[in-house]
Amino acid sequence: MVERTRLYWTGGTLAAVGCLVGFTVLAQQDGTDSGGAFPTFQMTTPNSSDTTPSDTGGAPAFPTFDLAAPESGGAITPQGAGSEASDLIRVGSCYIAQDIPASDPEIVVEVEIDSEGKVASLPELVEPEQPTVEQRLIFVNLVTALESCAPYGAGSAGRHRLAATEDDVRLVSDSTVAVPAPPPQGPIPGAASWLPGTPDTEADLELSRREKAELQARLMVMGHDPNGIDGMPGKGTRAALKAWQEANGIPASGYLDQIQMTILMQQSEPAFAAWLQDPANRETIESAAAAAPVAQKKASGNNRAKLPPGYFWYKGRMCKKVFGSRVLSCR
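Number 331 marks the last residue of the sequence shown (our numbering); no jumps.
Just so you know, the hints here were simulated from the structure itself, not pulled from any lab data. Some hints could be false.
Stated by the list, open to error - Pairwise CB distance ranges, derived in the manner of DEER restraints:
| no. | residue 1 | residue 2 | range |
| --- | --- | --- | --- |
| 1 | E269 | D200 | 49 to 59 Å |
| 2 | I263 | P308 | 29 to 39 Å |
| 3 | T144 | P196 | 44 to 54 Å |
Claimed, not checked - Computed list of lysine to aspartate or glutamate pairs in DMTMM-like fashion (alpha-carbon distance at most 25 Å, straight line):
| no. | residue 1 | residue 2 |
| --- | --- | --- |
| 4 | K235 | E286 |
| 5 | K242 | D204 |
| 6 | K235 | E269 |
| 7 | K242 | D230 |
| 8 | K242 | D257 |
| 9 | K242 | E166 |
| 10 | K235 | E166 |
| 11 | K118 | E206 |
| 12 | K118 | E211 |
| 13 | K235 | D204 |
| 14 | K235 | E246 |
| 15 | K235 | E206 |
| 16 | K242 | D225 |
| 17 | K235 | D257 |
| 18 | K242 | E206 |
| 19 | K118 | D257 |
| 20 | K242 | E211 |
| 21 | K235 | E124 |
| 22 | K235 | D225 |
| 23 | K235 | E211 |
| 24 | K235 | D200 |
| 25 | K242 | E269 |
| 26 | K235 | D168 |
| 27 | K242 | D167 |
| 28 | K118 | D99 |
| 29 | K118 | D168 |
Cβ atoms here follow ideal geometry from the backbone N, Cα and C, with glycine treated the same way.
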């Protein structure tokens, strides 16, 4: 059923109605360009009995405008709407127009919305590659508006591109990469009787530094913050593992064994795969994997075997010197 809002005017507000009609024409033109439905105004002539009371009493009836809501969902979704991805267009209501003189001020920004409808990370300026000072100001204005209007509808989760000028913002493309909600976690039947993981059972997994960084990322996407992704599990990672174990009814030790590692990977795989779609996240894993284990290198120099009398270390070999500084033999 179409809901209508009736608007009246008197001669003194004729100019205001003219502006309103002008807005309608512009809105319909915009709707044609974007393919979306927009509200329309219909002019009707009232019946002789259809009069409107006025302050002066008995004023003659005037034509009215009926504001009809679109029959189907359009490009613009009202604030607080359900789960349509176009709910992101609400950012326009939070966007503050600026008086920025620029010949071509439009920018294109890519933003990721998480499963809770919040801005997942700092939006990326896609176009132009070398922004002017004015375009940087527009970017800051758009980022502020995105944060101010959040959270968005659940269907908005994913990546979106927005175009913005000094006084306008519009949705360029819809979600391209879905961001799934964290998988449900609950007690695993019989897990309470499992033996707890220990440093030895985790060491038996022989995880590389990359795999440890991925483990930290998997914990993070499931809602358990490891306090950083660096491939070097510390107190934050142990606390996150304990939280995950408790959520699944597993004895919480902060260490894994083979069964627990398999379950954790299965639970986190959808969210982890989506997280890796972001180049910045992939770079985080690569950086953690490539970092040199400085602490281990320092320790290795202190673990050499004690040399027999007369021998010394030379280029990693045990050598014996005689006749002053002459090297006789090395092992």
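Now the hints, each set against the structure:
1. E269 x D200: 49 to 59 Å: violated, 27 Å
2. I263 x P308: 29 to 39 Å: 52 Å Cβ-Cβ, so the 29 to 39 Å window is violated.
3. T144 x P196: 44 to 54 Å: holds, 48 Å
4. K235 x E286: holds, 22 Å
5. K242 x D204: holds, 19 Å
6. K235 x E269: Judged against 25 Å, a Cα distance of about 24 Å means the pair holds.
7. K242 x D230: holds, 19 Å
8. K242 x D257: holds, 13 Å
9. K242 x E166: violated, 49 Å
10. K235 x E166: Judged against 25 Å, a Cα distance of about 47 Å means the pair is violated.
11. K118 x E206: violated, 37 Å
12. K118 x E211: violated, 29 Å
13. K235 x D204: holds, 20 Å
14. K235 x E246: holds, 16 Å
15. K235 x E206: holds, 19 Å
16. K242 x D225: holds, 11 Å
17. K235 x D257: This hinted pair holds, its Cα atoms lying about 18 Å apart.
18. K242 x E206: Given that 25 Å is the threshold and the Cα spacing comes to 20 Å, the pair holds.
19. K118 x D257: violated, 35 Å
20. K242 x E211: holds, 18 Å
21. K235 x E124: violated, 32 Å
22. K235 x D225: Satisfied, since the Cα-Cα distance of roughly 11 Å is no more than 25 Å.
23. K235 x E211: holds, 18 Å
24. K235 x D200: With Cα atoms ~17 Å apart, K235 and D200 stay inside 25 Å; holds.
25. K242 x E269: holds, 19 Å
26. K235 x D168: violated, 47 Å
27. K242 x D167: violated, 49 Å
28. K118 x D99: Violated, because 28 Å separates the two Cα atoms, which is more than 25 Å.
29. K118 x D168: holds, 21 Å
Going through the hint list in order, the structure does not satisfy hints 1, 2, 9, 10, 11, 12, 19, 21, 26, 27, 28.
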